[in-house]
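2 protein chains.
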Amino acid sequence: MSPARRSSATTGNLLYAQSGGVTAVINATAAGVIEAARARGVKVYAARNGILGALREDLIDTTKETASAIAALRHTPGGAFGSCRYKLKSLEDNRAEYERLIEVFRAHDIRWFLYNGGNDSADTALKLSRIGKTLGYDIRCIGVPKTVDNDLAVTDCCPGFGSVAKYTAISTLEASLDVASMAETSTKVFILEVMGRHAGWIAAAAGLAGEGPDAAPHIILFPENAFDEAAFLARVKATVERVGWCTVVASEGVRNAAGQFLAEAGTRDAFGHAQLGGVAPVLAALVKEKLGYKYHWAVPDYLQRSARHAASKVDADQAFAVGRAAVDYALAGMNAVMPVIVRSADAPYRWKIEPAPLAKIANREKKMPKSFITRDGFGITAAARRYLSPLIRGEAPLPYGKNGLPNYVRLKNTAVTARLPAFKP
Amino acid sequence: MSPARRSSATTGNLLYAQSGGVTAVINATAAGVIEAARARGVKVYAARNGILGALREDLIDTTKETASAIAALRHTPGGAFGSCRYKLKSLEDNRAEYERLIEVFRAHDIRWFLYNGGNDSADTALKLSRIGKTLGYDIRCIGVPKTVDNDLAVTDCCPGFGSVAKYTAISTLEASLDVASMAETSTKVFILEVMGRHAGWIAAAAGLAGEGPDAAPHIILFPENAFDEAAFLARVKATVERVGWCTVVASEGVRNAAGQFLAEAGTRDAFGHAQLGGVAPVLAALVKEKLGYKYHWAVPDYLQRSARHAASKVDADQAFAVGRAAVDYALAGMNAVMPVIVRSADAPYRWKIEPAPLAKIANREKKMPKSFITRDGFGITAAARRYLSPLIRGEAPLPYGKNGLPNYVRLKNTAVTARLPAFKP
Chain L
1 MSPARRSSAT TGNLLYAQSG GVTAVINATA AGVIEAARAR GVKVYAARNG ILGALREDLI
61 DTTKETASAI AALRHTPGGA FGSCRYKLKS LEDNRAEYER LIEVFRAHDI RWFLYNGGND
121 SADTALKLSR IGKTLGYDIR CIGVPKTVDN DLAVTDCCPG FGSVAKYTAI STLEASLDVA
181 SMAETSTKVF ILEVMGRHAG WIAAAAGLAG EGPDAAPHII LFPENAFDEA AFLARVKATV
241 ERVGWCTVVA SEGVRNAAGQ FLAEAGTRDA FGHAQLGGVA PVLAALVKEK LGYKYHWAVP
301 DYLQRSARHA ASKVDADQAF AVGRAAVDYA LAGMNAVMPV IVRSADAPYR WKIEPAPLAK
361 IANREKKMPK SFITRDGFGI TAAARRYLSP LIRGEAPLPY GKNGLPNYVR LKNTAVTARL
421 PAFKP
Chain A
1 MSPARRSSAT TGNLLYAQSG GVTAVINATA AGVIEAARAR GVKVYAARNG ILGALREDLI
61 DTTKETASAI AALRHTPGGA FGSCRYKLKS LEDNRAEYER LIEVFRAHDI RWFLYNGGND
121 SADTALKLSR IGKTLGYDIR CIGVPKTVDN DLAVTDCCPG FGSVAKYTAI STLEASLDVA
181 SMAETSTKVF ILEVMGRHAG WIAAAAGLAG EGPDAAPHII LFPENAFDEA AFLARVKATV
241 ERVGWCTVVA SEGVRNAAGQ FLAEAGTRDA FGHAQLGGVA PVLAALVKEK LGYKYHWAVP
301 DYLQRSARHA ASKVDADQAF AVGRAAVDYA LAGMNAVMPV IVRSADAPYR WKIEPAPLAK
361 IANREKKMPK SFITRDGFGI TAAARRYLSP LIRGEAPLPY GKNGLPNYVR LKNTAVTARL
421 PAFKP
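For the protein sequence lines, the chains are L and A, in the order given. Counting along the first sequence from 1, when you hit position 147 you're at 147 in UniProt numbering, and nothing is skipped either side. Counting along the second sequence from 1, when you hit position 240 you're at 240 in UniProt numbering, and nothing is skipped either side.
Isolated chain L (complex conformation) (with noise of 0.2 Å):
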């Protein structure tokens, strides 16, 4: 960093937040922004729940945590101090809210506020980095990428996704296996759900689990193509008939023609309701009804996501990498940026942190590049198999205990004082 992009406010408090669906590994990225600060004499409360947590002047005092905790952090899925899915207004429509974290951030001596989120956290990151600025107070803002979706702008990969990949391609793998073993006689169609409503970045990753049309998945179903059931029972026959059994992966977000969520056009519960959050029923109990075939389905659902025992180190390390530079662009005096991952090379897999301006990010979705779906659209390309095989790559460490489960830690999330009158968001 040149001297002349430091900023004026070397002191200060650093408020760091974490925002939407959380992550196996945000909690690294919140290691990587405490260590980091630390190492520069700066406090860092976080708000408890994210937003709502700025907003209600309900701040935690991370100094009251041990160096220890803050570095098992590294290693624990979920979110140490509360998410939370609330999309700040414009500043138009919800001027006072604006307002209010301004007042929130001058109590405490806020300077630098980091926001650990997706697309509307970089929005809202961005929308408070000019506000300051108008209401009068320094205050420099980071967006600190994080998202198992995979669908920032400009940063190559999102941390949390690397992980999710993993766990799906490990359990593809590994279900599969059981399938092929019991297939003669029992269940020949197995049928994976797996996250992903607007883009296939996680059904994509279900590919790295084998190469080869007779590797499973033999099917993957992504949400950029409307689903094709004729071409999907045909497939799965196919593969029935020549391997003996088949392994499909869906995204929960796949469409029909007429562009209905499958799962929400298909079963309804006992009261009626069209259920939400099962592509997978619907599909097994279509190979059922017009293929004849046993078949078991699996929805992970959470646990794909807060998979830490089997997270990727790339995913890991870099999202305690992003912690670390969102402190070191917020202490250098940059404002509205974004530390992103940069590739530098698919093989060897090479990456660095640069920053990136929020603007460019906000309220954008990256969607996977068609290029990554095969023709025939039930599978991944070799273009895919480059970006995404290096995500997975290595495992991060995690200590278990005698008890046999992973030592995640849980911090005290001792309150700061409040100064400010109570505050409805």
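Think of the hints as simulated: they come from the structure by calculation, not from any bench. Do not rely on the hints blindly, as some may be mistaken.
One copy or two, either will do: identical chains are not told apart, so a pair holds if it fits within one copy or between any two.
[What the hints assert, rightly or not] Computed cross-link-like contacts, DSS-like style, restricted to lysine-lysine with a CA-CA straight-line distance of at most 25 Å:
#1 Lys-288 to Lys-237
#2 Lys-367 to Lys-402
#3 Lys-133 to Lys-87
#4 Lys-402 to Lys-313
#5 Lys-370 to Lys-43
#6 Lys-360 to Lys-89
#7 Lys-360 to Lys-288
Knowing the structure of chain L, use the given hints to seat chain A on it.
This is chain A only, laid out in the frame that chain L set:
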């Protein structure tokens, strides 16, 4: 072994077969069998797809596999030689199949038969152990325990169970950390459905994830108790109000007071069929309908029983040990026995392998003791923890490749040349 117990059958080949649902560690048993037999200079054939391969004379020559491939079975899930769900009828009902088996044994000089499975397989091994004498063929039959259901009699626990128990406890812990961090604005109730049609062993293991009224899982639903909707909903509500969120672990075999599986009583698919394997979505719909809470549910299905990446070291060690002991018993001339796990101490946990008569195991089912379920029906007792806790201890070694995936082995599975006419089981 005393020399007096030695059989005259000191030459000949050994046949090993896998039966029923496979596990994360059944191949560790195969490794134990093959390594022990190789050390004693005995050739091992494996039946392809369990007893079906024996009936069809579809045998695999394991001497074609390298020592390192056999060693890799110790960490490879699924059934390396194929398994099947096929129960031999009684001798009276289908004498032809027994005669065929003896014919195959005779054709390949098979003097020892090791059948790796659950209750049904113990029954088959027992029947075969008797028929040899009737048909004038000297064969020693050993049952080798395996089942994630943990329902075999005599043995303290079943190889395969400890690993699914560990996977379930870890997954419950991890997903609960996720839910805890999101609960304020998102999911308040998380429901994890686990295997266990008749007994709640796996559901009980989820209880190891936490202890105390506020720790997840907050509610466990066992097949041992009729589902009490009002009590369940009251407990969910009280937990959400007190803790902020609630993790429920439900055994797939939960039934209502009328004895119907809840999974079948509720959801119907797009074709109007009752959905199987879906107690979690039924419970989720109930929570939504009656309490209005946002929910998520997960059904890991085969992922749980194939999750070698999260296997218990105790379980993997026991799986290997029963395989080795089975060879020792067979070569010592024992017949109609099973190597079972005997617990000599809870803490520190100590176990050993001993032979037990198949007659005491075949077709029996070990229930979970009533003393393992708390009086309110929603949790596990200290006695359950004492029993379960040692079984998930230690992490079984697992080599990963540079590609970030476990190095699972795929055997050559070279067929032995058939010598008999074809037979259709």
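Unsatisfied constraints (hint numbers, rising): Hints 2, 5, 7 are the ones this structure does not satisfy, whereas the remaining hints hold.
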